[in-house]
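Q: Each chain, letter by letter, is given below.
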Amino acid sequence: MKRGPLLFFLLAAVFLGQLLVPVSMLLGREAILSRGHEVKVHARPIDPYDPFRGRYVIVNAAPHIPASVKLPPDLSQGDTVYAALETEDGFARITEVTTEPPEGSLYLEAAFDGGANRQLAFNLDRYYMNEKMAPAAENLVREHLQRAGAPAQVYVTLRVLDGDSVITGLFLDGIPIEELVGP
Amino acid sequence: MASREIRQWLSKELPRWKASGWVTEAGEQGLKEMYGPLPERVDPGNRLIVILASLGAALIGGGIILLFAYNWAHFGRPLRAALSFSPLLLAQALTLFTVLRKPDSRAWREGSAVALTASVAACIALIGQTYNIQGDLGSFLLTWMILTFPLVFILRSPITSFTLLAQHAWWTGYARFQTEQLPMAWVIFLLILVAIIWLQKSEKKERIGLNLTTAFAATYLLLMATDTYAWNGWLLLLVPWLVLSVLAPVTFPKIQSFTVISVLAKVFLLILVYCATYSDFWNPRTIVPDAWGFRWEWMVSSMLYLACSILLVRHWAQVNARERLWMMLPYLTFACWLGGLYELALPVAVGVNLALAAYALAVLLPAWRQRDDQGIRLGATLLTLLLLLRFFDLDFSLLTRGIAFILTGTAFLVIIYRIHLSRKKEATR
Numbered sequence: 000m001k002r003g004p005l006l007f008f009l010l011a012a013v014f015l016g017q018l019l020v021p022v023s024m025l026l027g028r029e030a031i032l033s034r035g036h037e038v039k040v041h042a043r044p045i046d047p048y049d050p051f052r053g054r055y056v057i058v059n060a061a062p063h064i065p066a067s068v069k070l071p072p073d074l075s076q077g078d079t080v081y082a083a084l085e086t087e088d089g090f091a092r093i094t095e096v097t098t099e100p101p102e103g104s105l106y107l108e109a110a111f112d113g114g115a116n117r118q119l120a121f122n123l124d125r126y127y128m129n130e131k132m133a134p135a136a137e138n139l140v141r142e143h144l145q146r147a148g149a150p151a152q153v154y155v156t157l158r159v160l161d162g163d164s165v166i167t168g169l170f171l172d173g174i175p176i177e178e179l180v181g182p
Numbered sequence: 000m001a002s003r004e005i006r007q008w009l010s011k012e013l014p015r016w017k018a019s020g021w022v023t024e025a026g027e028q029g030l031k032e033m034y035g036p037l038p039e040r041v042d043p044g045n046r047l048i049v050i051l052a053s054l055g056a057a058l059i060g061g062g063i064i065l066l067f068a069y070n071w072a073h074f075g076r077p078l079r080a081a082l083s084f085s086p087l088l089l090a091q092a093l094t095l096f097t098v099l100r101k102p103d104s105r106a107w108r109e110g111s112a113v114a115l116t117a118s119v120a121a122c123i124a125l126i127g128q129t130y131n132i133q134g135d136l137g138s139f140l141l142t143w144m145i146l147t148f149p150l151v152f153i154l155r156s157p158i159t160s161f162t163l164l165a166q167h168a169w170w171t172g173y174a175r176f177q178t179e180q181l182p183m184a185w186v187i188f189l190l191i192l193v194a195i196i197w198l199q200k201s202e203k204k205e206r207i208g209l210n211l212t213t214a215f216a217a218t219y220l221l222l223m224a225t226d227t228y229a230w231n232g233w234l235l236l237l238v239p240w241l242v243l244s245v246l247a248p249v250t251f252p253k254i255q256s257f258t259v260i261s262v263l264a265k266v267f268l269l270i271l272v273y274c275a276t277y278s279d280f281w282n283p284r285t286i287v288p289d290a291w292g293f294r295w296e297w298m299v300s301s302m303l304y305l306a307c308s309i310l311l312v313r314h315w316a317q318v319n320a321r322e323r324l325w326m327m328l329p330y331l332t333f334a335c336w337l338g339g340l341y342e343l344a345l346p347v348a349v350g351v352n353l354a355l356a357a358y359a360l361a362v363l364l365p366a367w368r369q370r371d372d373q374g375i376r377l378g379a380t381l382l383t384l385l386l387l388l389r390f391f392d393l394d395f396s397l398l399t400r401g402i403a404f405i406l407t408g409t410a411f412l413v414i415i416y417r418i419h420l421s422r423k424k425e426a427t428r
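Listed in order, the protein sequences are those of chains A and B. Reminder that position 128 of the first sequence reads as 127 in numbering that gives the first Met the number 0, one-by-one numbering, no gaps. Reminder that position 38 of the second sequence reads as 37 in numbering that gives the first Met the number 0, one-by-one numbering, no gaps.
A couple of the hints might just be wrong.
[As the list claims (entries may be wrong)] Label pairs and their in silico Cβ distance ranges:
1. A:Ala-11 to B:Pro-36: 53 to 61 Å
2. B:Glu-202 to A:Pro-100: 49 to 57 Å
3. A:Leu-6 to B:Arg-323: 44 to 52 Å
4. A:Lys-69 to B:Val-349: 56 to 64 Å
[Unchecked claim] From chain A, some residues computed to sit far from chain B (all C-beta separations above 10 Å):
5. Leu-25
6. Ser-75
7. Thr-97
Just so you know, these hints were derived from the structure itself, not from any lab. Model, not experiment: these values are computed from the prediction. Backbone N, C-alpha and C fix where the C-beta goes; we use that ideal spot for every residue, glycine too.
Generate the whole structure from the sequences, applying the supplied hints.
A: Take a look at the structure:
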């Protein structure tokens, strides 16, 4: 193998790239966790699997869009929009949907999913758990949601900063899911 | 100058002739002048060491990842983040050591390429999991491909080129419904092909895995072009058809082009067999197509099975044991398919795993004893793929898979150490 300067330059660039991708992922999330605003969002979990990242719960979390909130005109499927949020008992509720980031308020970035039912995709799906807890969590949540009388309140907590967010917990009636399904 | 085959044969025989005293130094020189420069002999034992070293590194790395995954919930966020980077930093240090100290060792180059490829995936996956980062499998595979692509050139690693093809196959399979990504899929595929061609040209002496990679690339190109991904349980039509293609050179020995078709059919069948090592493959819902029940499909399938049976009877005595196994595949497929219908998917998958492992060992062990380079390569590659695919097998827990991976990887390293010791002894004698 020729050990010229080009090889070492390439090697350094590759190493740097391999480190920068996970470091930027980590720093971005740490910034949201330390400086972000916490909100709660209703969820309805199911349990799938990612071959690399293991079990996770699809939380299907999305802030509520009241009927009074109008979407910007001429939106096409996949367009980026910004949902301004306000909280009521800690739960996020959308007050406005715009095509530019709203100034001075809490907001989440989303994609317009199209259709007449005003769906916005918030990309808030994955909450990772271990291989035993994820299916157990799904079963527990399903049982509680189907129970007669008052169904359980299932929600995730998010830290939100500049339109981006990190899911910090999954709760069933205010109790962390790990406590309910843990060993 | 004589053809490459003749020179390769001469290169293999000459040391024996010299040892027996049949050929003198001057005679050797005369032969070289007459037949042209002889290609350098690569000891098949060294090739096995390369494969075992790469496999050992991948298995131990995979096992550690699986054990971390098993205990992950008990670690705090800072510890998880630190642990996520440690395999990557170690693998980068190993790669740097290889480039600086062992640049000409194939085992070190392939071993560090496998370790770095695996640790990049592990790091991104673990950070993603720790911070609940959203994003699908497709974007993960794409990032992984981009970050490991230069290793083909830096470490001159055929195994990395093969891994890239596998990642690409997975990624396009995953993203096939997202039509906007397909042009990019073709561009990346062409880049990988360029890397393979570059390797073929630069690695003239050592072509481990390159021929296999090229065959895989050709088959995969065919699959992409014909969108064969979309087959949905046409197993009972596909397998006998492919087996007929495998046997085409035996049936029509005068038609040269059937040899290429036979090789491609074998590679395609092998891909199918590896898919069949997962129990989910034998689940009836994934096998019986929605349109199953049309009479013409049964009729075509029956005709193909009849043709296979006729060839089986006709050629049984003419072909070797390996070809006979290919000839049995349609019947084994049918038996497994029936097992799947009767909800025996897991035993069927375990059976396919054991059969494939037995086949790989039946190829590897005699080849090792006879120092048959081609057999060693084939057997070790079959075994490697089978073991590495178990990383994604949901039928076994993370703990079971983790321990099994580390033990098997360690066993491979012990085997290498023993080979090294016995060679040292031989050299001292």
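Q: Take the hints in turn and mark each one as holding or not.
A: Hints versus structure:
1. A:Ala-11 to B:Pro-36: 53 to 61 Å: 38 Å, violated
2. B:Glu-202 to A:Pro-100: 49 to 57 Å: 52 Å, holds
3. A:Leu-6 to B:Arg-323: 44 to 52 Å: 48 Å, holds
4. A:Lys-69 to B:Val-349: 56 to 64 Å: Given a distance of about 58 Å, which is inside 56 to 64 Å, the answer is holds.
5. Leu-25: Non-interface label on A:Leu-25 violated, nearest chain B Cβ at 5 Å vs cutoff 10 Å.
6. Ser-75: Per Cβ check, A:Ser-75 is outside 10 Å of chain B; nearest 13 Å; holds.
7. Thr-97: Non-interface label stands for A:Thr-97: nearest chain B Cβ at 22 Å, farther than 10 Å.
Against the hints set out earlier in the document, violations occur for numbers 1 and 5.
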